[in-house]
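*Asks:* Each chain, written out:
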Amino acid sequence: MAEGSGLSEAREYVCRSLDKRDEEEVKRLVKNAFREFLDGEYWDWKYKQNPDFDPSLVMVAEKDGRVIGCDHWLLKDLRLSPTLEVKAVLGADIVVNPEFRGKGVGKALLVSLRYSETVKRKNPVIIYMFADVNLAQNFYTPTGGYIPPLDRTASYIKILNWRKVKENARLLNEEIRAGKFKSRLAGFELKVLFKIVNAPALCFYIAEEGIQVGEGDECFEDADIVVWSDLATLQKMNCKRGRKTNLFRAALTGKLKFRGKTSKLLSFYRNLWIIEQLFSRRVI
Amino acid sequence: MYKYRLFSSKDSDAVRELVRVTFPGFLDGTYWDWKHRNYPRFDPLLVAIAEEDGEIVGCSHWLQNSLKLGSDVVVNSLLTCDLAVRLDHRGRGIAKNLLLQRRTRETFKKRGIVVNYDFAGPRLAARLYTPLLGYLPPKLSTRKYFKLLSWKKIVDFVSDVDVQRALRKEFSKVCSLNMTISLKMRSAPQLNLIFKSGKIEATEGAHGDSDITIEGDTHTFISLMNGGNITRKIVKAVLERRIKFNGKLSKLLTAYRNVGQLETVFRVIFTRDRDSVLPKATSKYDVRTFQDGDEAKIVQLLNKAYADYGGPARKSPEYWRWCCLERPDVERSGLFVAVDKRKGDVVGHVVAGRSGNVWELCYDPEQDGEEIVPMLIDKAVGYLEKAGVTSINITAPMEDKTIRRTCMDYGFIHNPPPKVFLSVLDLVKLASLLANDRKEELTTRFDETVLVKLEDAPSWISSTIFIKIGKNGVQVTDRPLPHSINLETDFLTFSSLLFGNLSPSKALSSAKFRVTPSSKVSTLVEILSCLRMKTKWFFPLSEFG
Numbered sequence: 001m002a003e004g005s006g007l008s009e010a011r012e013y014v015c016r017s018l019d020k021r022d023e024e025e026v027k028r029l030v031k032n033a034f035r036e037f038l039d040g041e042y043w044d045w046k047y048k049q050n051p052d053f054d055p056s057l058v059m060v061a062e063k064d065g066r067v068i069g070c071d072h073w074l075l076k077d078l079r080l081s082p083t084l085e086v087k088a089v090l091g092a093d094i095v096v097n098p099e100f101r102g103k104g105v106g107k108a109l110l111v112s113l114r115y116s117e118t119v120k121r122k123n124p125v126i127i128y129m130f131a132d133v134n135l136a137q138n139f140y141t142p143t144g145g146y147i148p149p150l151d152r153t154a155s156y157i158k159i160l161n162w163r164k165v166k167e168n169a170r171l172l173n174e175e176i177r178a179g180k181f182k183s184r185l186a187g188f189e190l191k192v193l194f195k196i197v198n199a200p201a202l203c204f205y206i207a208e209e210g211i212q213v214g215e216g217d218e219c220f221e222d223a224d225i226v227v228w229s230d231l232a233t234l235q236k237m238n239c240k241r242g243r244k245t246n247l248f249r250a251a252l253t254g255k256l257k258f259r260g261k262t263s264k265l266l267s268f269y270r271n272l273w274i275i276e277q278l279f280s281r282r283v284i
Numbered sequence: 001m002y003k004y005r006l007f008s009s010k011d012s013d014a015v016r017e018l019v020r021v022t023f024p025g026f027l028d029g030t031y032w033d034w035k036h037r038n039y040p041r042f043d044p045l046l047v048a049i050a051e052e053d054g055e056i057v058g059c060s061h062w063l064q065n066s067l068k069l070g071s072d073v074v075v076n077s078l079l080t081c082d083l084a085v086r087l088d089h090r091g092r093g094i095a096k097n098l099l100l101q102r103r104t105r106e107t108f109k110k111r112g113i114v115v116n117y118d119f120a121g122p123r124l125a126a127r128l129y130t131p132l133l134g135y136l137p138p139k140l141s142t143r144k145y146f147k148l149l150s151w152k153k154i155v156d157f158v159s160d161v162d163v164q165r166a167l168r169k170e171f172s173k174v175c176s177l178n179m180t181i182s183l184k185m186r187s188a189p190q191l192n193l194i195f196k197s198g199k200i201e202a203t204e205g206a207h208g209d210s211d212i213t214i215e216g217d218t219h220t221f222i223s224l225m226n227g228g229n230i231t232r233k234i235v236k237a238v239l240e241r242r243i244k245f246n247g248k249l250s251k252l253l254t255a256y257r258n259v260g261q262l263e264t265v266f267r268v269i270f271t272r273d274r275d276s277v278l279p280k281a282t283s284k285y286d287v288r289t290f291q292d293g294d295e296a297k298i299v300q301l302l303n304k305a306y307a308d309y310g311g312p313a314r315k316s317p318e319y320w321r322w323c324c325l326e327r328p329d330v331e332r333s334g335l336f337v338a339v340d341k342r343k344g345d346v347v348g349h350v351v352a353g354r355s356g357n358v359w360e361l362c363y364d365p366e367q368d369g370e371e372i373v374p375m376l377i378d379k380a381v382g383y384l385e386k387a388g389v390t391s392i393n394i395t396a397p398m399e400d401k402t403i404r405r406t407c408m409d410y411g412f413i414h415n416p417p418p419k420v421f422l423s424v425l426d427l428v429k430l431a432s433l434l435a436n437d438r439k440e441e442l443t444t445r446f447d448e449t450v451l452v453k454l455e456d457a458p459s460w461i462s463s464t465i466f467i468k469i470g471k472n473g474v475q476v477t478d479r480p481l482p483h484s485i486n487l488e489t490d491f492l493t494f495s496s497l498l499f500g501n502l503s504p505s506k507a508l509s510s511a512k513f514r515v516t517p518s519s520k521v522s523t524l525v526e527i528l529s530c531l532r533m534k535t536k537w538f539f540p541l542s543e544f545g
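Residue numbers (the working numbering), protein chains in the order written: chain A, 1 to 284; chain B, 1 to 545.
Treat the hints with caution; some may be incorrect.
Computed far set for chain B versus chain A, every beta-carbon distance over 10 Å [claimed, not checked]:
(1) THR30
(2) TYR31
(3) LEU87
(4) THR142
(5) LEU149
(6) GLY216
(7) GLN261
(8) LYS315
(9) LYS341
(10) THR402
(11) THR444
(12) HIS483
(13) SER495
(14) SER505
(15) ARG514
(16) LYS536
Below, in silico cross-link-like pairs of lysine-lysine (DSBU-like), each with a Cα-Cα straight-line distance of 30 Å or less [claimed, not checked]:
(17) A:LYS191 x B:LYS184
(18) B:LYS379 x B:LYS169
(19) A:LYS46 x B:LYS315
(20) A:LYS27 x B:LYS419
(21) B:LYS173 x A:LYS257
(22) A:LYS255 x B:LYS297
(23) A:LYS46 x B:LYS536
(24) B:LYS379 x B:LYS297
(25) B:LYS315 x A:LYS20
(26) B:LYS196 x A:LYS261
(27) A:LYS236 x B:LYS304
(28) A:LYS48 x B:LYS297
(29) A:LYS87 x B:LYS251
(30) B:LYS401 x A:LYS261
(31) A:LYS122 x B:LYS453
(32) A:LYS255 x B:LYS248
(33) A:LYS236 x B:LYS419
(34) B:LYS248 x A:LYS261
(35) B:LYS109 x A:LYS164
(36) B:LYS468 x A:LYS122
(37) A:LYS122 x B:LYS419
(38) A:LYS255 x B:LYS169
(39) B:LYS429 x A:LYS87
(40) B:LYS297 x A:LYS236
Rather than coming from a laboratory, the hints here were simulated on the basis of the structure.
C-beta atoms are modelled at their ideal positions from N, C-alpha and C, and glycine is treated no differently.
Please construct the entire structure, taking both the sequences and the accompanying hints into account.
*Replies:* This is how it looks when you write it as C-alpha cells:
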C-alpha cells in the first residue's frame, strides 16, 4: 500500500492506493457524484475491465476507515504529432464526499498520485482530463497547471423528444401538490407553446393545480404565448448565470421571438421561474 | 423483351405491391383487394400484365359497370383504372401495350360493352389516351369541392432526409436565400417554406418571421404550378387580384430574381415528386452491422482518419473491443460498418450507444465521405430513435465539413463539446521529446543553450531546465549547464507555449517573457517556435474520460 507523500501539512485523512475492499465504497461514491452517468456496472467496465487499468493509479482518501474521496488515473498513449507519441495519464473521475469538500482532499489525492511509485516507474509526461471550464479555472489550473489545448473537437446534438422536461414537470407537480408554490401560483393560468427549430414542438399548460407538458402532436394551437427559438439559444437560457441577460440579448438579436398579448407576456416574464424549473435539469 | 398476358390468381401479391408503390398514400394492399379482388364483377380476364423475365413490371385494370347515358338509357361499360408501370421500366411503351391488351371487338361483344371511360389528368389524356385510343372529354356537370385540412404530407416530404439532401444539392442557391415564404391560401392552414442556412424547411401554422406572404386561393396557386410562363401567370394573377404578395421590397426582388428555381422547388414540393430530385445512381458502399474480425480494420481506419490530429493513440483491436464493443450501453445492433461493395474493405463505422451517444463516427478520408457519412448517420439515428433515446450526441473534427453538413441535414445543432485540459507531469522529458522530434531543424539552425527559469510551477516540475542545441544533437536536462540564453517566465505561459496555445512572439509582447541577453530574443523566439506543438487536437467521444 503506497501512502501519499509530497504533502507536508498534518491531515485528518490518509491517501493511499485502491484496495480490493474499497471497491464498493468507491463505486458508491462515484455513483452518487455522477448520478446519471456512472453506476456500478459502468465503473466495473471503465476500470476493472479496462485493459489499461492499474489499481495503483486509483488513490483513495480514507478517514476513520471510511473512503471520503478517490481519484482515478488511467495510463494512455497520446499522439502529440504524426511522428510523436508519448506516455500520458487520463485523469478521470475525481470525487470527494460532499461533507469533506473544501478541505484540500482533491488536491491531496492529485498530488499523492503524482508522487506515487507507479507514476515514478511508468514516467508519463502529460496528464489530460475533461472538466467543466469553471472547475478547471478554480481547481485544476491552480493545482496542477492544466491548460486547454487547441481542441478541434466539434459536437453536434439532436433532440428527439422532451421526456426529460416531462420528468421535470412530474417532479415539480409533486412539489406543487405538496403546497410548495401555492402563493406564487395562486390564480395563475397560462398556455405556452415553444416552436423550436429542429426539435419537436413543446407546450406547457401552467395552472394553480399543476403543469401539463405536451410535445409534437399533443401541442395546442391556441396558446397564450408562442415562443420561437432554436436549441442553441435555448441552451444559453439554460445557464445559471446571466439567464435574464441572455434572454434579453436573444430577444434583441431575433434569436428568440414571442407572440402573445402584452398582459400574458408580462405574466410569463414574471413567472419565468417556472420555465427555469422545467428546464433546470439538463434537458439538451 | 416484355411479355404481355392476362392476370392469374398467383399474380395477386405482385400486382398489389406494384399498385401500392405506384400510388403511394392512396392505394395500399387492402385497397387493391377491396377495389378489384372483392368487386362483385371482377373479371381476371380484364386485367393485363406486363412481365420481364418472370417479373411483373406493369399492369392495367378494367372494371365492368353500367353507365347511364340518358334518362332511360343504361349501357354496359368498362372503367379503365390503375394503370401502373414500374419506375425503372417507364418510357418503353409498356403502358401503351397494356392499354391495347384485350381491346378487341370480341372482348366487348362478349360482355355487351358499349362505352369505355377513364379518369385522368388533362396532360396524360392529351399525351396518351386521346392519340392512342380516341378518348374525348364529355360535358361534365361534376364539381369537385376540396378543403385542405393539413400540410402534413408536404411537411413530412420536405423533412425527409434524402429529399433534404437532394434539394440542397439541386437548389443550393435558393436554399441560402435566408427567407421565409408563407402561403396563406383561402380555407387552408398557413404553410411556411423556410429557405435558410443551406436548406429548406416546411412548417405549418402561424409563423412569426415571414419575409414574403402569398395570399390567394388554392386554385390559382395550383394553376401557377402547372407549367407555362410563371412570370406571366403571376403578373396576370396579381392584376386580377387572385393572388397577393406582401413583404419587403428587397425580399420580393430577391425572390423575383430566383423565380425560376423557386418555381421548380415549389413544384417538386407540391407534387412530392421524389424521382425528379433524388439521385438514381446506386451506391458504391453498403452498410452492415459489426462482425467479429472487423476490429483490426476499424483501428486502422481510426489511425488513418485522425493521423493529423493530436489525441489518443490507438493501441490494439483488444483495446477497441473494450472501448466500444464492451461498453455497457453498446449493443452489436448499434454498431454499423460501411464497406466497399466491390472490394469488401471497411471504409467507415459508427458506434451508437443506448445512452444517445454516438461514441465513434469515422470514415476513410480517401473514400467518398459524402456518400458514406449519410449512410452511417442514417443507421445510427434510426437505431437510436427506435431505442427511444431523448437526444443524440455526435463528435467529429471541426474541419470535417461532410459530417457537419450531414448532421445539419438531420436536424442536429452545434453543442459545446466536453472541454479537455492538459498539464505536464515531466517537463524535462516532454521538452526533450519535442526537441528530439524536431532535432534536424534545431541542430542545423542553432547552436545555443537555453536556461528556462519557471515561476509558479507545481511541486513536481523542476523550476529550471536547460535546453542545449548543438551540432551533436539536442539535450534537455535539469542539471546545470553553461548557457547562452536566459529565459524567465511562469509555468502556465511556458506550457501554453509548448502545447501551441501561445506563440513566443505573443508571449514576448505581453511581457510574459524576460530574456537575457536581449540580443538573443529573436533566436529564442525561433527556437521556441520550432519546439512548440502545432498539432490540433481531436478526441472521439469514446475517449472522453
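*Asks:* Between LYS255 of chain A and LYS248 of chain B, does the CA-CA distance stay at or below 30 Å?
*Replies:* Holds, at roughly 20 Å.
*Asks:* Does the alpha-carbon distance linking LYS191 of chain A and LYS184 of chain B stay inside the 30 Å limit?
*Replies:* 25 Å, holds
*Asks:* What's the verdict on LYS297 of chain B and LYS236 of chain A, does the C-alpha distance respect the 30 Å limit or exceed it?
*Replies:* 41 Å, violated
*Asks:* Are all beta-carbon distances from GLN261 of chain B to chain A longer than 10 Å?
*Replies:* Non-interface label on GLN261 of chain B holds, nearest chain A Cβ at 23 Å vs cutoff 10 Å.
*Asks:* Is LYS341 of chain B truly not at the interface, in the sense that its beta carbon sits beyond 10 Å from all beta carbons of chain A?
*Replies:* 28 Å, holds
*Asks:* Going straight from one Cα to the other, do LYS429 of chain B and LYS87 of chain A come out at no more than 30 Å?
*Replies:* Judged against 30 Å, a Cα distance of about 10 Å means the pair holds.
*Asks:* Is the Cβ of LYS536 of chain B more than 10 Å away from each Cβ in chain A?
*Replies:* 4 Å, violated
*Asks:* Given the hint that LYS87 of chain A pairs with LYS251 of chain B, does the C-alpha gap stay at or below 30 Å?
*Replies:* 59 Å, violated
*Asks:* Hinted pair, alpha-carbon criterion (30 Å max): LYS248 of chain B, LYS261 of chain A. Please report holds or violated.
*Replies:* 25 Å, holds
*Asks:* Measure nothing beyond the straight line between the CA atoms of LYS255 of chain A and LYS297 of chain B; if it is 30 Å or shorter, mark the hint as holding.
*Replies:* Violated: LYS255 of chain A and LYS297 of chain B sit about 45 Å apart, past 30 Å.
*Asks:* Taken at face value, is the distance from the CA of LYS453 of chain B to the CA of LYS122 of chain A at most 30 Å?
*Replies:* 26 Å, holds
*Asks:* Say whether it holds or is violated: SER505 of chain B keeps its Cβ farther than 10 Å from all Cβ of chain A.
*Replies:* With a cut-off of 10 Å, SER505 of chain B remains clear of chain A, as the shortest Cβ separation is near 17 Å.
The structure fails hints 8, 13, 16, 22, 27, 29, 30, 35, 40 (numbered hints given earlier, in ascending order).
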